[in-house]
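Protein chains: 4
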Amino acid sequence: MSTLSERLTPLRVAVIGAGYWGPNLARNFAASPEWELVAICDRDRARAELLARKTGGPAVAESVSELLDSCELDAVAIATPARTHHEIAMAAIAAGKHVLVEKPLAHSTGAGQDMVEAARAAGRILMADHTYCYTPAVLKIRDLIAAGKLGDILYVDSVRINLGLVQPDVDVFWDLAPHDLSILDFILPGGINPPSVLAEGADPLGSGKSCLGYLTIPLPGGALAHIHVNWLSPTKIRRMVIGGSRMTLVWDDLNPQQRLSLFDRGVDLERQEMMLDDAVERKGAAISYRLGDTWSPALSEVEPLGLMVGQYASSIRSGVPSPTDGEAALRVLSVLEATSRSLTVGGPVAPLVVVDAQGVS
Amino acid sequence: MSTLSERLTPLRVAVIGAGYWGPNLARNFAASPEWELVAICDRDRARAELLARKTGGPAVAESVSELLDSCELDAVAIATPARTHHEIAMAAIAAGKHVLVEKPLAHSTGAGQDMVEAARAAGRILMADHTYCYTPAVLKIRDLIAAGKLGDILYVDSVRINLGLVQPDVDVFWDLAPHDLSILDFILPGGINPPSVLAEGADPLGSGKSCLGYLTIPLPGGALAHIHVNWLSPTKIRRMVIGGSRMTLVWDDLNPQQRLSLFDRGVDLERQEMMLDDAVERKGAAISYRLGDTWSPALSEVEPLGLMVGQYASSIRSGVPSPTDGEAALRVLSVLEATSRSLTVGGPVAPLVVVDAQGVS
Amino acid sequence: MSTLSERLTPLRVAVIGAGYWGPNLARNFAASPEWELVAICDRDRARAELLARKTGGPAVAESVSELLDSCELDAVAIATPARTHHEIAMAAIAAGKHVLVEKPLAHSTGAGQDMVEAARAAGRILMADHTYCYTPAVLKIRDLIAAGKLGDILYVDSVRINLGLVQPDVDVFWDLAPHDLSILDFILPGGINPPSVLAEGADPLGSGKSCLGYLTIPLPGGALAHIHVNWLSPTKIRRMVIGGSRMTLVWDDLNPQQRLSLFDRGVDLERQEMMLDDAVERKGAAISYRLGDTWSPALSEVEPLGLMVGQYASSIRSGVPSPTDGEAALRVLSVLEATSRSLTVGGPVAPLVVVDAQGVS
Amino acid sequence: MSTLSERLTPLRVAVIGAGYWGPNLARNFAASPEWELVAICDRDRARAELLARKTGGPAVAESVSELLDSCELDAVAIATPARTHHEIAMAAIAAGKHVLVEKPLAHSTGAGQDMVEAARAAGRILMADHTYCYTPAVLKIRDLIAAGKLGDILYVDSVRINLGLVQPDVDVFWDLAPHDLSILDFILPGGINPPSVLAEGADPLGSGKSCLGYLTIPLPGGALAHIHVNWLSPTKIRRMVIGGSRMTLVWDDLNPQQRLSLFDRGVDLERQEMMLDDAVERKGAAISYRLGDTWSPALSEVEPLGLMVGQYASSIRSGVPSPTDGEAALRVLSVLEATSRSLTVGGPVAPLVVVDAQGVS
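Protein chains in written order, with my numbering: chain A, 99 to 459; chain B, 99 to 459; chain C, 99 to 459; chain D, 99 to 459.
Bound-form chain A, shown alone (with noise of 0.2 Å):
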């Protein structure tokens, strides 16, 4: 049977890149039943072949064209900086390959747009790795928002600051942001896709760069997200809070023992007639609480990384995309780059790209 036999034949990946990130996907491709890890690329042969003999050795490549020219691949998973993803990845969809890319899927939206048109037109998967999309918090979040346990989503609000390395190349937007925006974008229904965005930030220390900031997104039906993300705070915090019209969730992610927490308490508006204390009789907006239950679910512990590259295999097997596809990619990179020309402007700025369900527009 063709399902069977597909199940048999684990697909042929190849990582480009064996820095920061590339051991944790390779380790991953190299674990599971879906792939067979058959190379590592990387332009430091050493470090490749160091790579190689922790992931059960497979061949090593110092090029992208060596890489394509000598191995036999279904896909790619490209773990380079993010200003030679749009060269490798168009090389690979030229070749054939499905391609996974690390985050940010480019360093320009126009690139992006180019990788995602590339790909469609070829028939091939482009995925982008947002891996917080598929730890267990994030997954129960986005079936609970779909199941309309919070109802409308009202607001959400994310803190992501700690102590951080002030990064040579990018700003703490760029650095942090994606993991929210990506999120965001996993778990709202119909992704992000804001008329404009506003961000502010400061560089207190001189360091020619933003090192702590918020960014404003207005959502659908008068709601906002705003995230602050700091690299200089002694306290470290990684805190979303989705307020809906039923339920709130408060998603703190650094208490293993209570990571998600639903509270069935809000505010029921109520128009009615009511007294103000002036003594005049005007329409005024009367407010009761609602004080309920709070309600903390059990999540599965997997490994992310695991089920990102199930996710991979799964979607080129099926053609159908995953929910962080290229689009999904291009929705952040659009918005990351209206961030730095919101701050450039000083004030709120309209997104280059707007992706719909319907795609690129």
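I should point out that these hints are in silico values taken from the structure, not numbers from a laboratory.
Computed from a prediction, not measured in an experiment: that's the story for all the values here.
All residues carry an ideal CB built from backbone N, CA and C; glycine is no exception.
Worth double-checking, as some hints may not be accurate.
What the hints assert, rightly or not - Chain D is faced by these chain B residues, among others (derived, beta-carbon under 10 Å): (1) S168; (2) S206; (3) Q356; (4) W393; (5) P395; (6) L397; (7) E399; (8) Q409.
To be verified - With a straight-line cut-off of 25 Å between C-alpha atoms, the simulated DSS-like cross-links for lysine-lysine are: (9) K334(D) to K238(A); (10) K334(D) to K334(A); (11) K238(A) to K152(A); (12) K247(C) to K238(B); (13) K152(A) to K152(D); (14) K334(B) to K238(C); (15) K334(C) to K334(D); (16) K334(B) to K334(A); (17) K334(B) to K334(C); (18) K238(D) to K334(D); (19) K238(C) to K334(C); (20) K152(B) to K334(A); (21) K247(A) to K334(B); (22) K238(D) to K334(A); (23) K247(C) to K334(D); (24) K334(B) to K238(B); (25) K334(C) to K247(D); (26) K152(C) to K152(B).
Starting from the known structure of chain A, fit chains B, C and D onto it as the hints suggest.
Coordinates of chains B, C and D only, in the frame set by chain A:
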């Protein structure tokens, strides 16, 4: 000696407004050796009489004019709705009384400016009841900053959120942010005096006003203050982080066991030559961490309102304005008003009045 | 109708003792529609008069005999030092009054037993003011256990520690453990009735009495209750864990945002054949985890003392003893007395009195 | 120079036991410049070979006799089940090797004593792998106590609870309490050497052994150490409080942001004449609080096992026993054994062996 006799003669005060906050003021005036509470004034005579019975039996008046005509007073304390502050305060100043007024100072910056100028012209004390500024935590923060313990201020991030009543007459900024603004004005050397403010609000329930919002205020030297206020949060947070170049302070007002924490942790920035991973030598920014001890100072346990009425007496006797004088309250009011305009225009807005050390300009 | 007229006629009560706790009782009797507070009794007439003025002006008496002679009463509430409880209660019962008494019931188990028997013989209600039992958290815990939500009780671990005043007349067990014991008696089906108790105390400051200690009480079915009391702890903890075969409950009384948590987590024990690592086949115990959701029920916000005086009235009218009746108080007292003897003998000690569902035996 | 040449010649070690803990030891020996890992020994040859491959390819042996015959060794590290420790250690000592052994030292105090005496007679180092003692937190606690920062130790309260696997061969005391006991022995001047211990356990699931329990150990000067171990707790707690006459230390091992807190708070006891409320003048104890600052020292980030193998090497080279030498391990073992007897007799029990600064007596 005059000092002794002044000590022996308490100042005579009336509390105007016997609603929500007036009773707290009356109780503290009645308990203070510096003060003699001689009258309660309220349109609702029964309410005034009830309060008078609980505070040692001062006289009762139904209107400000009745009060000023019938009682020999040194000072008044105004705890009526904000829109009545200007009229009452102007009458009291015209009658030669010192004036303490609830926050906000007035319903508009213009009215507040009027009051400040009238008090100055009449040589009377005008002071705002910014109660938070008289709490042990805030007093300690002010001392620590003044003593240079934090170094340069790099950022301030304040979160003041809870499940709150949607107020009939004010939005969440006017309800909650005066606390943060008055605290900032109190602890920062020179007070708050920003060239512009930027506010974003959301009204996802359709209540007709912002129920949650964010307010950003540039501080001198590239620093940024950010305030998050929210009526729709199921969890209550009262947390202010003040990042400094030497130490960072975290004030968690809901943790009575460790309200203030000072972190001797931070980021040290040093310019140096460094090699980036693409092997191109260039100037970069190298950052190293500093991971020192954490210290939580013990706080005294004093009643803030008791301290505040003592400060009012002391300012009257000495002629030296308190740190929460009319000009401080005007700076807070001016930023609040700019907040509302920023919400309307959707971008940064400059406060109408600039009050610096030399006064209103 | 008698029910209606009873409703319309409040019960007449006097509070005996106007020191630390009496004012709280008097205030709640005065505020209750079920009660008419007719007198305050205290050896210190000025203290009694002061309290009377604050509670609507009841009569004042200087001695219990004066009180019982001069006032028409249905009931008394005794808030005097423990060593005087027996004499006052016996006089009140002899005069046909119902009796509410502060914890501990009496200065000795024998005296307490005397009071229980006298009240029973006279057909009067004898009730203890175990205030904690009327808090929303404890009422909810009792309901949850009674409904079988926790399953069988496996253990109870209670920690009640803080920086406390070393009391002149009692040790840390008599000061703090009555709270834990009365709560345990209230929530456990059948109350506490242990065959023996074991206490260990320490007096490292040389104060002449235990300043910290541990008390262990066997529960039915091999379960164990353990109580940690400590006056020397710099951090304050009020935390009771009730491990059950179905769910485990954690009550953290100092966390107002999540006072009760129910964990659907535990250990499932199943007998099975298993291979141990020394390759000898034998019967072993295999345990597997159950990792389910956590749930935090919303709690009402009622005044415990208001509920308690309501229960007192209701017991008097119906003749049905309250769950904190004289026998409950006697069980607590009996365990406390055994605690002291255990400290003396350095080992387990059986309580002197066993009070079960059929009464004292 | 001999020092230099010693530095240049790593000590030769074999790890015996390749199961749960052996790999950690092997990895740390392999990584240390002080050591050369020359062999892995395990009855299961495949397991030994797997571990050897991961640690640089040392030799493999299937039995201790084969190991001692075939390899030139300075030292061994034993990570086999406790009941085999004695036989292996005695063989190694007889062969002139230094011995590191996993906790507990042996299956019985007698066997442990045998090992201590054999090592002393042979002039070999016998050391226990009490890993916790080499963590930055415990090292800092030891230093603080030694420097007198805490003053006299008044009490120690340790809680080590979580949802744990019910072990097939040991109860909760033997599983968890060795950690607390080895830490206490390490940080308390003179180690632990109690005249008696008192343990209480419960087996409410009917597993055949204690699944939760409490252990009390008198300390010099009227102080008390108390240890709570529990396999059935849905929440995980690792918390030790050390109350001192000058400062109190709280070690919360699950709070990486503030693992250690030192509270300059306490109770000051002063004898004085005082009037009690019954108007009888007598000697009483007056206590006042001291409410000072809290301080949380920064901790280094070192690998405890790396430090431990370094200490092993240093002890061998210098001949100076480590603080976790055989005698320390014997004190821990002796208390553990007394714990089991206390459970059986239902009361306090004296440890069989007393090991003081002069050695075993």
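Results of checking the hints against the structure:
1. With a cut of 10 Å, the hint placing S168(B) at the interface with chain D is violated, because the nearest CB-to-CB distance is about 47 Å.
2. Because the smallest distance between the Cβ of S206(B) and any Cβ of chain D comes to about 44 Å, over 10 Å, the interface hint for this residue is violated.
3. The restraint placing Q356(B) at the interface with chain D holds, with a minimum CB-CB distance near 6 Å, inside the 10 Å limit.
4. Interface hint status for W393(B): upheld, as the beta-carbon distance to the closest one in chain D is roughly 5 Å, under 10 Å.
5. The restraint placing P395(B) at the interface with chain D holds, with a minimum CB-CB distance near 5 Å, inside the 10 Å limit.
6. A cut of 10 Å between beta carbons decides the hint on L397(B): the least distance to chain D is about 9 Å, and the hint holds.
7. For E399(B), the suggested interface contact is upheld, since its CB lies about 9 Å from the closest CB of chain D, less than 10 Å.
8. The closest approach between the C-beta of Q409(B) and any C-beta of chain D is roughly 24 Å, which is over the 10 Å cut-off, so the hint fails.
9. Our distance criterion of 25 Å between C-alpha atoms is met by K334(D) and K238(A), whose separation comes to about 23 Å.
10. This hinted pair checks out: K334(D) and K334(A) have alpha carbons roughly 21 Å apart, not beyond 25 Å.
11. The straight-line distance between the Cα atoms of K238(A) and K152(A) is roughly 33 Å, outside the 25 Å bound, and the hint therefore fails.
12. With a C-alpha separation of about 48 Å, the suggested pairing of K247(C) with K238(B) is violated against the 25 Å cut-off.
13. Between K152(A) and K152(D) the alpha-carbon distance is near 10 Å, which keeps this suggested pair within the 25 Å criterion.
14. The hinted pair formed by K334(B) and K238(C) meets the criterion: a straight-line CA distance of about 23 Å does not exceed 25 Å.
15. Taking the CA atoms of K334(C) and K334(D), the gap is near 19 Å; set against the 25 Å cutoff, the hint holds.
16. The straight-line distance between the Cα atoms of K334(B) and K334(A) is roughly 19 Å, inside the 25 Å bound, and the hint therefore holds.
17. As the CA atoms of K334(B) and K334(C) are separated by approximately 21 Å, the hinted pair is consistent with the 25 Å bound.
18. For the suggested pair K238(D) and K334(D), the alpha carbons sit about 23 Å apart, so the restraint of at most 25 Å is met.
19. Our distance criterion of 25 Å between C-alpha atoms is met by K238(C) and K334(C), whose separation comes to about 23 Å.
20. At roughly 48 Å between alpha-carbon atoms, K152(B) and K334(A) are farther apart than 25 Å, so this suggested pair is violated.
21. Taking the CA atoms of K247(A) and K334(B), the gap is about 22 Å. The hint holds against a cut of 25 Å.
22. Distance hint between K238(D) and K334(A) is fulfilled; the C-alpha atoms sit about 23 Å from each other, no more than 25 Å.
23. Taking the CA atoms of K247(C) and K334(D), the gap is about 22 Å. The hint holds against a cut of 25 Å.
24. Distance hint between K334(B) and K238(B) is fulfilled; the C-alpha atoms sit about 23 Å from each other, no more than 25 Å.
25. Between K334(C) and K247(D), the direct Cα distance comes to roughly 22 Å. Compliance with the 25 Å bound is thereby established for this hinted pair.
26. Note on K152(C) and K152(B): the hinted pairing holds, with a Cα-Cα distance of about 10 Å set against a maximum of 25 Å.
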